[in-house]
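Undergrad: All chains, please: the whole structure from these sequences, using the hints.
Respectively, the protein sequence lines represent chains A and B.
Each residue of the first sequence is one higher than the one before, counting from 223 in my numbering.
Each residue of the second sequence is one higher than the one before, counting from 442 in my numbering.
Certain hints may be false.
Stated by the list, open to error - Only pairs whose alpha carbons sit at most 30 Å apart, straight line, appear in this in silico DSS-like list of lysine-lysine: (1) A:Lys540 with B:Lys443; (2) B:Lys692 with A:Lys498; (3) B:Lys547 with A:Lys368; (4) A:Lys498 with B:Lys585; (5) A:Lys528 with A:Lys538; (6) B:Lys692 with A:Lys540; (7) A:Lys498 with A:Lys364; (8) A:Lys418 with B:Lys690; (9) A:Lys498 with B:Lys669; (10) B:Lys669 with A:Lys402; (11) B:Lys443 with A:Lys418.
Said to hold, decoys possible - Each pair of labels, with its calculated beta carbon distance range: (12) A:Glu236 with B:Gly644: 20 to 26 Å; (13) A:Ser317 with B:Ser550: 25 to 31 Å; (14) B:Glu588 with A:Lys402: 18 to 24 Å.
What the hints assert, rightly or not - Anything over 10 Å on all C-beta distances counts as not near chain A; from chain B, calculated: (15) Thr461; (16) Ser492; (17) Gly577; (18) Glu639; (19) Asp647; (20) Asp676.
Simulated from the structure, these hints should not be mistaken for laboratory data.
Glycine is no exception: its CB is placed at the ideal position from the N, C-alpha and C atoms.
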Amino acid sequence: MAKIWIYAELTGGELAPISLELLAKARALGGEIEAVALGKGAEASAATLGKHGAKKVLACDDEVFDKYLAQPATDTMEALVKANSPDLILFGFTSESREVAGRLSARLGVGQVSSALDVEAAGGGFVAKVPYFGGAKVARMKLNNKPAIVLVRPKSFEAAESGGTAKVEKVTATVGADSKRAKLVERVAEKGEKVKLEDAMIIVSGGRGMQGPENFPLLEALADALGGAVGASRAVVDAGWVPYSMQVGQTGKAVRPNVYIAAGISGAMQHTVGMKGSKVIIAINKDAEAPILKMADLGVVGDALKIVPKLTEAIKAKKGK
Amino acid sequence: MKIVVTVKQIPDPNGAHKLTADNRMARDGEVVLDPGDEYGIEAALRIKEASGDAEVVLVSMGPAKAADAIRKGLSMGADRAIHVNDDALAGADALTTAQVLAAAIKAESPDLVISGTESTDGSTGMVPPMLAELLGFPQLTFAKNVEVSGNTVKIQRQTDVGYDVVEADTPALITVTAGVGEPRYASLKGIMAARSKEVKKVGLGDLGVTPGKPAEEVLDVVDAEQRKAGEVIEDDGTAVDKIVALLVKVKAV
Ligand SMILES: Cc1cc2nc3c(=O)[nH]c(=O)nc-3n(C[C@H](O)[C@H](O)[C@H](O)COP(=O)(O)OP(=O)(O)OC[C@H]3O[C@@H](n4cnc5c(N)ncnc54)[C@H](O)[C@@H]3O)c2cc1C
Ligand SMILES: Nc1ncnc2c1ncn2[C@@H]1O[C@H](COP(=O)(O)O)[C@@H](O)[C@H]1O
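TA: Spelled out as structure tokens, the structure:
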């Protein structure tokens, strides 16, 4: 039976949703499923990890993992891998986890497959599916080494409880003398989102077609009326209209809401790769040829600046009844 | 202070995408300097200007054509370059790429290495952490702002909610985002000057690297599943009603 590890991601003591998505995949693959949790909140996270299918959690609450980037986690993971020989390690393709995955795969000399959409067992090993050409194509990559290290894109799998409890195995931090170097000095929170984008059930996203940052309040009003969150394309993030935390797509967030409303977004592959898992997509675009209209459940050829405020009013009126 | 900037040449994003017989991305068409790496060069030049005394060295691994991308970086203002080109590197994976770049960079003993967060074509962002690991450097990633004072580097690391301030002593590796500032255009003077700047050509033999068996191989490449097209309507004044009706149907309202 293959031993499958998931790297549980902890930020400030909180378990990141990707950890549970990875466990859903690990369960589907089948095998001996264990999680490694490093940093503040590690032991406490075992209850949730257990409910989602981890049989054992290798946990270390040492705050060295929160204070210094990547290196202490890499050192400890190396020691744990050598002592336990997992066959597959699943990491989230997130800014926190990918640093550790990259260093670990180089340290062990085993390589990795990054940005994967899926993983399957094949021929006694593992094969990962990755997007090519911004998502137009999908390549199946075979991993030749042990452990196989795969970084999975967030929202590729739906987290679900399976019931169960995990045994907690306390492990010690193994940190090299030269590994306390990239030091976290301060965490700065900018304008907080009302509803977290990746958790929102409804997202209203705007692109360059919104003409300018002065029109984004139109989207906020619609999102408020629907109880959702506002997202954006990279074009408007790069233009400085809205912060990066709102970016949806290949280099932004992956989202999977019930409804995704795209206003003035052309639908470039790098954007749609982050939202095409949405249940219902509604697009408003002036250009009848815009690619986003070809993937929307309802596409409206028209002016977003006119339609969005009218839609907000109509929804408020409906809800008022 | 010596700053190495890793730069990659990529297939022109506006050109047609092709695959080779073994399903790797074809690199024989038009190529350009990865726009992400222009930010790396910009960040390095700004550090140089602020410190007054720094050398900016470009390091690139790629086929002969990568020379154009390197020349562009030199035109922007980098001082010299190292171009690793070897037939045995065609189709190299991230680990091999990082091993080769590490060998070329070690010989330079830089204070800072600056890379893009992820490349525009491969976009897996694995080369920088692997490179940092092989060099034994700490990594300061997703920097939207970089400050160097003495032998300390401090960055603002972009996060979901804002940014983290992260600091390390040199030597260190940094990855930069578009936040570091608009890359400058090469001036005519810069383009002229670049012609006489040194581009050292090296092969695997010079670096003493023997690529191992690839860590992963492509089995096949298929078209991604597309969402089925739905209904497309012209806004003739009824669009709002139709959207509301759909939202009601899926219980969003
Ligand atoms: C490596 C890489 C990574 C990337 N990552 C991302 C990513 O994570 N996320 C992302 O979004 N992009 C990403 N991109 C960029 C992507 O390729 C597109 O450039 C970007 O998504 C375009 O944004 P946009 O749709 O807002 O702008 P545009 O493509 O300029 O589209 C604007 C649209 O608005 C329409 N419009 C104009 N006026 C109106 C109006 N009044 N009413 C209605 N519609 C109107 C136009 O018809 C047009 O379709 C990436 C690119 C690369 C190379
Ligand atoms: N062949 C290469 N030559 C030089 N630098 C590279 C090469 N491949 C990747 N890099 C660097 O690593 C960054 C991230 O690339 P990647 O890991 O491929 O997404 C790029 O922006 C470059 O700075």
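Undergrad: Taking each numbered hint in turn, which are not upheld by the structure, reported in ascending numerical order?
TA: Numbers 1, 10, 11, 12, 17 and 20, in rising order.
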